[in-house]
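Peer 1: Guided by the hints, dock chain W onto chain Y, whose structure is given.
Line order of the protein sequences matches chains Y and W.
Mind the numbering: the first sequence is residues 1 to 415 in our numbering, read in order.
Mind the numbering: the second sequence is residues 1 to 282 in our numbering, read in order.
Simulated from the structure, these hints should not be mistaken for laboratory data.
Check each hint, because a few of them may be wrong.
What the hints assert, rightly or not - Cut-off 30 Å, straight-line C-alpha distance, at most; resulting in silico cross-link-like pairs (DSSO-like, lysine-lysine):
hint: 1; chain 1: W; residue 1: 267; chain 2: Y; residue 2: 336
hint: 2; chain 1: Y; residue 1: 84; chain 2: Y; residue 2: 327
hint: 3; chain 1: Y; residue 1: 327; chain 2: W; residue 2: 267
hint: 4; chain 1: Y; residue 1: 84; chain 2: Y; residue 2: 373
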Amino acid sequence: MPLEIEINGSATPEARYIAYAPSPCRIRQTPAAGPLPVTLSSQPAQPGGGQAVFYSDPAAPSSATLQLTLPADGSWVDFGLGGKWQAPSVDDRDCLLIATGNGDSLTVPLMVRLRKDANTLLPRERDRFLEALAKLNAGGSGRYQDFRDIHVAAANEEEHRGPHFLPWHRTLLLDFERGLQDIDSAVSLHYWRFDQPASSVFQSNFMGATAQVTLDDPPSDVALDSGHPLSGWITDGVPGISRSALFDTQTSPAPGPPGFDLLSEAATLALGDVYTDFAQMEGTPHGAAHVSFVGWISSIPTAAKDPLFFMLHANVDRLWALWQWLKRRTDPNDVKVYRGQNRDGRRLDDSTWPWNGVTTSPRPDFAPGGPLKPSPTTAAPGATPTIRGVIDYQGNSSAAARIGYGYDAVPFELS
Amino acid sequence: MSIRDYRQQLEQEVAQESARAAEPSGGPQAELESAGGADQLLSSTTHPEAAPELRAAALGRVARQKDLGSAQVAPLERLADPNEAPAVRVAALSLLKLLAISSPTFPEWRPMFLEALRRAVDEPALRAAALEALTQEGDRPTQEKLLAGLKDPGQALVPVDHALRLLSSDPHADVREVARSVAGNPPDEAALLQAMKVLAGDPGSVEAFRSLLADRSQSSSVRKLAATALNNLAPELLQPAPEPRLEAAADLASAPALTADESALAKHIGALIRVRREPAPR
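Just chain Y, same shape as in the assembly:
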């Protein structure tokens, strides 16, 4: 075959995962007598599969096809490849990248891998997610316990109650998702849209049938089908997932406390045009979603014992990402995008605990889990991320800042 393609800087299948933001790619022909005109296109490998679009350079709009001329000397030609808006994959390698030229063609299967509304997943997407989640927990002996040990009362000041809340949790979710993808690279961290009813999520074949109680009732464990991947779930040596709901999970969104209602998506986006105003969402909808339950998820010291915690926070992060896109707030140097505080871990260029391994005051005296897990699809944000390193997550202001994930309902759009 006279053509070679690299996706995300690699020819290996492990790197063939893209989101909406353009991934750096390149193509070349083996040395030949003359230049070779090629056309790049994309189509789903099967009905409902993913589709990609092309970027001739980082500042150009996307196109469905791209014409390139490959030099005769075999040197590389760069291009960008991103997921087509509202055409994410449902299976691994269900999106085809096709290069044709001079009668030859090369087809590269890949995946438009995005975090999706968990309530809308196909059964096979749901089951892959659950299987990876269960393997991360591995009956209490897996890496999940590190994530649980990171999110504890003694580390509160690193994680909550300030401007660092959103970027810190974005980093946690990224590390967590990369842990899932280490088990199954086709899995994303899907989100629970807590401002809408999510009857599919709260079923015995997904995150567990969740009994409705009042605040003065003790919680019970969620009910799971026999053979459910999470049926051997263990954290802190204790089996089960302690969670009951203060609302009807089949018909209602999470309500929040009386008079301190959980904000809808639109109301959250309406909190303000600058970061300091938007960051009020730490109270509602974030805190309001947590306390719509009794059981582990309702309190910081125990919340991460429940895997729903990560889906709740994926929605918090999605709301931030949506606000960033809607308000065009992606340049970390702009104080409307992030405004820190004068405390370690809260300034724009501070490294974040525990990935930095710092265990001296004012940081906690422990740092579970080690550095941030690397990804085969991007080098950002590095092993010891900073607040700055996770703000421009799609690489809008700087392509090198792209950290390799996206949401089904948050477009990539150049400012």
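Peer 2: Below, chain W without anything else, positioned relative to chain Y:
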């Protein structure tokens, strides 16, 4: 929908929300807020003629109007007041749990929160919620009261299974010894199951879990939990269970139930083994 149309739609929704947020509230709550303003709203939370549900909602609205760092004052007062209606105290507790998550001043008022919760334990309608919040915060005096109640039923604040559930939320609660005692002589199956959960990380309980797993007189719930614990403590002892053959038990009156239980157990063990951690490569 194109990206452009999506942006326009969201912008319209946000504009509508902004306009709605600027409007005065309506409904029954408005009667309490007729004069408007934060002070009026605050006074409505203790209005002697207002229904507790309305006062509870007003309490939330007061907190919502304030900065997250100062919103705890009124809810702390309401939760700590033994003469306050339970509905208002429950709402105050819910608000304080939210603020414990997101208020920058929580470390300053945490001692008052714990003290208010300890008082709330005396109110039956608040006991479960207060005990849960206290144990999630790792409150040692509460853990000791719960342990004392497990050893002496006369001191028990809640049933055995509930006490064990509460204590199990803190791995440092020193509850294994009493859990062993409960598991050896459980008052009911709920207590046995909770004791087993506490002991699922106890290396000294491997033999007990093996026995429970092998004991066909135990319920499916008990045997499945024994398998889960064994998978955690000694995975090499947990082998795939064969799916029961229907025809082999066809002449037993209880065959359908037995078979369903055995089948569920086999599926459960299969799931445990499937998601086990792979041994590290040598």
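Peer 1: Given the hinted pair residue 84 of chain Y and residue 327 of chain Y, is their alpha-carbon gap at most 30 Å?
Peer 2: Holds - the C-alpha atoms of residue 327 of chain Y and residue 84 of chain Y are around 22 Å apart, at most 30 Å.
Peer 1: Residue 267 of chain W and residue 336 of chain Y: Cα distance at most 30 Å?
Peer 2: Violated, because 53 Å separates the two Cα atoms, which is more than 30 Å.
Peer 1: If you draw a straight line from the CA of residue 84 of chain Y to the CA of residue 373 of chain Y, is it 30 Å or shorter?
Peer 2: Roughly 27 Å separates the two Cα atoms, so the pair holds.
Peer 1: Taking only the CA atoms, is the gap from residue 327 of chain Y to residue 267 of chain W under or equal to 30 Å?
Peer 2: violated, 50 Å
Of the numbered hints stated above, those contradicted by the structure are hints 1, 3, listed in ascending order.
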